[in-house]
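These protein sequence lines are chains A and B, in that order. For the first sequence, my numbering begins at 13 and goes up steadily by one. For the second sequence, my numbering begins at 13 and goes up steadily by one.
No lab work stands behind these hints: they were computed from the structure. The reader is advised that the hints may include incorrect statements.
A pair counts as met if it fits within one copy or between any two copies, since identical chains are not told apart.
In silico DMTMM-like links for lysine to aspartate or glutamate, alpha-carbon gap of 25 angstroms or less [stated by the list, open to error]:
{"hint": "1", "residue 1": "Lys575", "residue 2": "Asp495"}
{"hint": "2", "residue 1": "Lys511", "residue 2": "Asp463"}
{"hint": "3", "residue 1": "Lys355", "residue 2": "Asp484"}
{"hint": "4", "residue 1": "Lys514", "residue 2": "Glu581"}
{"hint": "5", "residue 1": "Lys507", "residue 2": "Glu483"}
{"hint": "6", "residue 1": "Lys507", "residue 2": "Asp484"}
{"hint": "7", "residue 1": "Lys310", "residue 2": "Glu426"}
{"hint": "8", "residue 1": "Lys256", "residue 2": "Glu487"}
{"hint": "9", "residue 1": "Lys44", "residue 2": "Asp270"}
{"hint": "10", "residue 1": "Lys251", "residue 2": "Glu483"}
{"hint": "11", "residue 1": "Lys189", "residue 2": "Glu426"}
{"hint": "12", "residue 1": "Lys310", "residue 2": "Glu510"}
{"hint": "13", "residue 1": "Lys355", "residue 2": "Asp186"}
{"hint": "14", "residue 1": "Lys256", "residue 2": "Asp308"}
Number of protein chains: 2
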Amino acid sequence: MDINENNSIGIIQTQSIRVVEQDNPLKLECGKTLAPIDVAYETYGSLNNSGNNAVLICHALSGNAHVAGRNNANDKKPGWWDNMVGPGKKIDTNKYFVICSNILGGCSGTTGPCSINPATGKPYGLDFPIITIADMVRVQKLFLDKLGIKQLLAVIGGSIGGMQVLQWAISYPDFMKAAVPIATTSHLGAQSIAFDAVGRNAILADPNFAEGQYDDEKSPDHGLAIARMIGHITYLSEKGMRNKFGRQLRNGNSYNYDFNSEFAVETYLDHQGQSFVERFDANSYLYITKASDYFDLKNGHSSLNEAFANTQCRFLVVSFTSDWLFTPEQSKIIVNALVANRKNVSFCDINSPYGHDAFLLESETLGSFISAFLNAAFKPEKELKEAAPLEQDDKGIPVIAHAHRVRIDYEVIESLIEPNSSVLDIGCGDGTLLENLIADKNIQGEGIELDEKLVLNCVIRGLPIIQHNIEDGLENYADKSYDYIILSQTLQTIKNTEKVLKELMRVGRKVIVSFPNFAHWRCRMQLLLNGKAPVTKQLPYCWYNSSNIHCLSLKDFDEYCSKLDIRVEKKIPLTKTSVSPVKLAPNLLAEQVVYVTSKD
Amino acid sequence: MDINENNSIGIIQTQSIRVVEQDNPLKLECGKTLAPIDVAYETYGSLNNSGNNAVLICHALSGNAHVAGRNNANDKKPGWWDNMVGPGKKIDTNKYFVICSNILGGCSGTTGPCSINPATGKPYGLDFPIITIADMVRVQKLFLDKLGIKQLLAVIGGSIGGMQVLQWAISYPDFMKAAVPIATTSHLGAQSIAFDAVGRNAILADPNFAEGQYDDEKSPDHGLAIARMIGHITYLSEKGMRNKFGRQLRNGNSYNYDFNSEFAVETYLDHQGQSFVERFDANSYLYITKASDYFDLKNGHSSLNEAFANTQCRFLVVSFTSDWLFTPEQSKIIVNALVANRKNVSFCDINSPYGHDAFLLESETLGSFISAFLNAAFKPEKELKEAAPLEQDDKGIPVIAHAHRVRIDYEVIESLIEPNSSVLDIGCGDGTLLENLIADKNIQGEGIELDEKLVLNCVIRGLPIIQHNIEDGLENYADKSYDYIILSQTLQTIKNTEKVLKELMRVGRKVIVSFPNFAHWRCRMQLLLNGKAPVTKQLPYCWYNSSNIHCLSLKDFDEYCSKLDIRVEKKIPLTKTSVSPVKLAPNLLAEQVVYVTSKD
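Extracted from the complex, chain A is given alone in its bound form (with noise of 0.2 angstroms):
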């Protein structure tokens, strides 16, 4: 694989095809029917033998089928995703068939507001039938049908896109066996709706948009233009905003004292309004953003966990840190409702400056994960537990090792392991034990992990992993949903220590937990006859710099476990070398400890 930033799809156009006939009208979830409809999209790499490396790519409000490549040798920019898409790119078109094709409602070729209405031989206008999210998607569907896509290895989308790419998995759950969506939302909040709200006020007020009957030489400009300055605030965050343009002035250092654009961050909103204007539709904008505001996958389903019951893909779901439009914890509740179904779900918020435009953005680090993910789910599972563990990934990005791993401590959890069970992995690192289990034990395997890095690493070894802090909690996992919790070396860096392990009882059947000794006799003698916080090799740091926030020993733990009608199944004591327990004395004796629990 030639892995060349520079490498690109080259010239390529974009092509037309009509996917409902006029005869055969398409029902819309609004109840009204649409005919005929075209559909435009591109199309880059092959489809290959087996039929099963055809990704596609939904495009967010903006967006069109022209995700690589430039249309023609004069382009000045290319495709929009064009630092993600192309032949040894994150998605490698040498390895996969990408397609992408303009939404239901657009502007770029696809049927929308601005087609002729058959039945007046002008364009449809405000005639257009209101569209949805679902009814972008089932034109897609009947696209791929078109085209004789048979199934999806994956349906990629950011924003607008990834609300196309759940309704995918929710509408058509057979056809692809990856989901990935990005800087997303199950449904908007009301914030979202405000803005989307106020935008479409300045269309529909500006006097040229004449009831969606403009034409070109007179177009609701202004009121696109101001919806589109809305959006643009949104779409990048404070702090972007403030690093990129403070309060810099266009010319010199002081004030025009008039209305005029002088503040550069006005200057870029009257650019960008501007240059939107020249490229896109009002009415589809106002077709768009009311299909985004109508979104909540939960419609038609008593919850939005009922609303993923039937999925049968793996999900990658995607934030970024400074996305306050799809904010992460909307991520989270798409997250939360898949684990709640105990579907395959990894889940990244990617640490991030530049807000909900990061998707588009940090091609590199979400490169990354989409990249892998993909690997995973297109390798036969054999391959993939046959992969040796990777010490760095791809792009060279070094693996950071556990620190609080011990490899004995592995190794008498894993002999305490049933086949065949379920097992989560609290603080998983780079999923070595799990990945060891899955190989050895052939588990189900899930983890949780709070480093980017190493929640990465769990990705490219294929393993479901979600980033999530401990401390809040597991709340939408079911009770006893796994055979096996396992806190490994965590226990002493936890704050809310009674709250976890609550969670942990409730959601486990059984919870094997394992920390270093404070009561070793090491310790004990340093704190006797120095008078010093200890310092030994398995609790290798000083008392100003050490992760450990609670000192604890194997009798502090029985007396909590006691205290909380916490059963102790299994007490393993060990030395920090030797898998055989520690039989005389201990607490005195024992530098780790391995405990299984349980509760009911």
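Chain A is already provided as a structure; the job is to place chain B on it using the hints.
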């Protein structure tokens, strides 16, 4: 004092006064002149004989002079801050003479763009000169001069009103004793400028705007409504909007499938836009938002720190946790600049879900702070010192006892401090130690505390108190700017010990640290003999619920000081009951310890 929530000012008339005569125009910051200038105002209560009880309230963008009471018996609503201002209310008109005037450029009686331009006999419209916050404040000063006000007890205002407060403190440093800038900023960031600019664009693009020469029959209502809607989104928090509106539909549970407003949040914004159009002028909106965008306190100074150099009043800076328009971080910038100048400043970030609007809605909490702060500023200093420590505030909010404080340790610390020195008490709790030090040693004392209720208690005691997490360091405190820094019974709860200690050593000439001794013989014996994490009277918590995240002994701290090149000037090992130092085997026999340290 009769505290009665229903107490109101009653019926009150807005008055008008000419402050700039036609023949003596005011020169504005933009270089143009303006005359005549009339000011609309209201006053409540009466000026006392000493003339030292006048409080000026500065209103925000859409406010006016009508703060409290009703202008006539049929008014549906009272003035915009009626919940705060009135007889017996938080800003008590039985005690204070409260004044508010409509700002320059406004549309509620003070000269603005809808006033008649004497040169043309028509409303100014866009011929009105561009004004600044400083211009508004100059007109307010001229107005107070006309009223015969010689000094202000305080200037108080939120949002754009807060900008005026800051400007007052800098423009007229000897005119007021106290300033309360609320939910405001020293300068607008790019995002706020962007929102304002889009709102102005909507007004300017409205065909009814007519270059500002519109009339009542045909005014730019659409544009102004859109501007107001954008503003309103920024006044509420995302969470507040979600809780208030969610995805609720106005009528029933099913979508209309058209472009009419149907979500509750849409009809709310429609209503806000519409009612604003009825009471506000589009030109005023342009001029006031532009003044706000131009506002940058450091203009004309080398830095923000330098801008505050000549201020003389005490400050109470207030922000709200969920305010994303003028964020707590922006208030902290103001606080940091005041701290860098060693000004008398208190700061509280009030926990509220209401976003920017909290300054109008959180009248109970905000009012408690303002009331206590005004009270302290109004009282002669002597009287303040003699005031009995309060066990609860004047609304009966109970005072949380500071659990980590132990009297023995207080007494010893007090004995170590030289009279007339400057002291910064980190984690100062309710201010008991500081108050004692001020009374007994005449120190200049300031506090840092994280808990909102304890911060309020310090304000009640008249202490300068900054709500701040010491883990975030002391960035804006100058090197060696305090004779003493006190860190009492807090070291063991700090996560990043090294960072914090280094900061304290940098800022304080001497740093007094006290902590419980983990190597006391009872601790040693418990670990040695029982093999359990110690629980003693001085270390009263079990391993799982302790807020002590570090265990350290005298010996540990000695070694640490040696490692960091910290000089130990005094070490006073103590039991828990006596101020007499433990002389024999202190690391074994002391239950707690007080260190006096320093570093060059």
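These are the hints, each one checked on the structure:
For the identical chains of this complex, Lys575 and Asp495 are intra-copy neighbours only, at 23 angstroms inside a copy versus 48 angstroms across copies, given an alpha-carbon limit of 25 angstroms. In this homomeric assembly, Lys511 and Asp463 come within 25 angstroms of each other (Cα to Cα) both inside a single copy, at 21 angstroms, and across copies, at 23 angstroms. Taking the closest pair of Cα atoms, Lys355 and Asp484 come within 25 angstroms of each other only inside a single copy of the chain (21 angstroms); across copies the shortest separation is 40 angstroms, beyond that limit. In the homo-oligomer, the alpha carbons of Lys514 and Glu581 lie at most 25 angstroms apart inside one protomer (16 angstroms), although the nearest pairing across protomers, at 47 angstroms, exceeds that limit.
Proximity of Lys507 and Glu483 under a CA criterion of 25 angstroms is satisfied in both settings, with 7 angstroms inside one chain copy and 16 angstroms between copies. Within a single copy, Lys507 and Asp484 get their C-alpha atoms as close as 10 angstroms, and across copies as close as 19 angstroms, so both meet the 25 angstroms cut-off. Proximity of Lys310 and Glu426 under a CA criterion of 25 angstroms is satisfied in neither setting, with 40 angstroms inside one chain copy and 63 angstroms between copies. For the homomeric pair Lys256 and Glu487, the shortest alpha-carbon distance between copies (24 angstroms) is at most 25 angstroms, but the shortest distance inside one copy (38 angstroms) is not.
In this assembly of identical chains, the alpha carbons of Lys44 and Asp270 lie at most 25 angstroms apart only when taken from different copies (12 angstroms versus 50 angstroms within one copy). Taking the shortest Cα distances, Lys251 and Glu483 sit within 25 angstroms of each other only across copies (22 angstroms), while inside one copy they are farther apart (27 angstroms). Taking the shortest Cα distances, Lys189 and Glu426 never come within 25 angstroms of each other, neither inside one copy (30 angstroms) nor across copies (70 angstroms). Taking identical chains as interchangeable, the C-alpha atoms of Lys310 and Glu510 are never at most 25 angstroms apart, the minima being 34 angstroms within one chain and 50 angstroms between chains.
With identical chains, the CA atoms of Lys355 and Asp186 are at most 25 angstroms apart within one copy only, with a shortest distance of 14 angstroms there and 67 angstroms across copies. In the homo-oligomer, the alpha carbons of Lys256 and Asp308 lie at most 25 angstroms apart only across protomers (18 angstroms), although the nearest pairing inside one protomer, at 34 angstroms, exceeds that limit.
Taken one by one, the earlier hints fail for this structure at numbers 7, 11, 12, listed in ascending order.
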